[in-house]
Amino acid sequence: MKDVAIIGVGQTTFVRGYEGSIRELAFEAFREAMQDAGIAQKEVDASIFCSAPEYDKQRSPAGVLAEYLGLIPQPTLYVETVCSSSSTGLKVAYSMIKSGLHDIVVVLGFQKMSEITSAESQERMGRGADIQWEAPFGTMMPAYYALYAQAYMAKHGVTHEDLMNVRIKSSTYGVTNERAVYRKPIKPQDFRQGDPEAKMAGPVAWPLRVGDCCANADGSSCIILANAKKAKSLSKKPVWVLGIGAASEAVNMAARPDFTRGLSVGYGAANQAYRMAGISPKDVKVAEVHDCFTIAEIMAYEGLGFAPLGEGKQLIREKATYKEGRIPVNVDGGLLSKGHPIGATGGSQIRTIVLQLRGEAGIMQIPGEPDIGLVHNIGGVGLYGNVTILGR
Amino acid sequence: MGFEKFGRKSFTSVTKTAKFVDLLAEGKIEGTICKGCGAKFFPPRADCAKCFSKNMDWFEMPRKGKLETFTTAYYAPLGFETDPPYTMAVVDFGGGLKLFARIAKEIKPEEIRVGMEVAVKPLKYEDGQLSFEVTKA
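Protein sequence lines, in the order shown, are assigned to chains B and R.
The opening residue of the first sequence carries number 323 in our numbering; numbering runs sequentially from there.
The opening residue of the second sequence carries number 633 in our numbering; numbering runs sequentially from there.
I should point out that these hints are in silico values taken from the structure, not numbers from a laboratory.
Note that the structure is predicted; figures quoted are calculated from it, not measured.
Among the clues, some could well be false.
[Stated by the list, open to error] Ranges between beta-carbon positions, derived for each pair:
# : chain 1 : residue 1 : chain 2 : residue 2 : range
1 : B       : Gly479    : R       : Ala681    : 35 to 41 Å
2 : B       : Pro395    : R       : Pro694    : 22 to 28 Å
3 : R       : Pro754    : B       : Leu631    : 34 to 40 Å
4 : R       : Pro741    : B       : Gln511    : 37 to 43 Å
5 : R       : Pro717    : B       : Lys521    : 46 to 52 Å
6 : B       : Glu500    : R       : Ala681    : 45 to 51 Å
In this text, a Cβ means the ideal position worked out from N, Cα and C, and glycines have one as well.
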């Protein structure tokens, strides 16, 4: 189905401690996407702003940012599904355009996490889960994902070495991505237990170590979508939205059916997106998956059908998800290297796939002129799942 | 009011399920059961999403179950800084009933295994906060 296309993408460099306000941060990605699309603000019919609340002080950011971007008096709104906010923004934009309500919609994801301390940010992230029944125990995101890691690793024979190899793959590409926050190479000795020099080895929430976790960052991303008529007249290389899937799951860990099967929303969103696009997992040439933690990438392989349940580890052992492999995954360094500015992350993943499909990913470009790419973006601890399939 | 006494630090003060904390004070860990359709809930709910009833009874949770998964936190969020390391776990009682809690310090981290038999019991912190924890079976 070629009804709605992406005609412009932009992203800031993800950093620790952005020297500017959220409106200035948002403007950087917006400027790049607008110049990419080659349009002016008067051609934009609506804007959608996406972030997770409480990292900065601004309430109701949509109106404030729309004004700074020059997008008033057009309609604007705010969308939130924590870490998958901008994928959800894309879904809302798609619906607005497909319905005929608007021709061109801007989706802007942003997050400035550095205004608060790491402990404060862990507390806010923990409150993205069940504040009534779980946060009182001192929960935080790494601990939640570690619950999945513990059960999943025990059942499927996944080792700490497998997790380490996910991070090493990430760093292989992170060093090449000028927009990534973490660009240093990572070697196996960085994970050596008991070695005080091994900066990736320290436990965070066992079995997850420092090197298994992505970092907070400041950043913004921007995706511009248009209907078929506008896309064909404005863009030489429109990238079409072929499939969209989204799912939700119980917030409390006590209501999760099975920790050894990974995140149910990954499966649910993927199945919907494949059905809508009319393709199967083997048709995907390049993918971005939500590797907020190393274990999440291995579980995502299975949710997306790249490997059967319990066999995700084989893809990393066989280097099948490297650039030259059967299904390249996160060849921009993923969240682990780029950093994870929550509201901006989905848009950054979408941008990477758009550049790959256009053949404009530079040093990160995979061979073979990919025609179909996939974005897997999770919100919270599998509270929300979003899969978007894009094609030339 | 009343629910601010739940857990190491509560983020909720008012809930229709605040009786849970009074029951903890009496040494009971209870979930809710729908008077309309018999659905059981833990953590407790005030409303039944299956039959829309708001008429709930309390029922006592099983005290023994299997450790489904766990993690030991070496860092803590704001407000819990003095606690690490602490271990949190999911206990499965069967029949769709599970519980999330910390594991008592009496179980050494190296003794903890997925699938081991464990018990749960109410817990009172020195500052008067009320909770429950996972202990040896």
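Violations among the numbered hints: 2, 4 and 5
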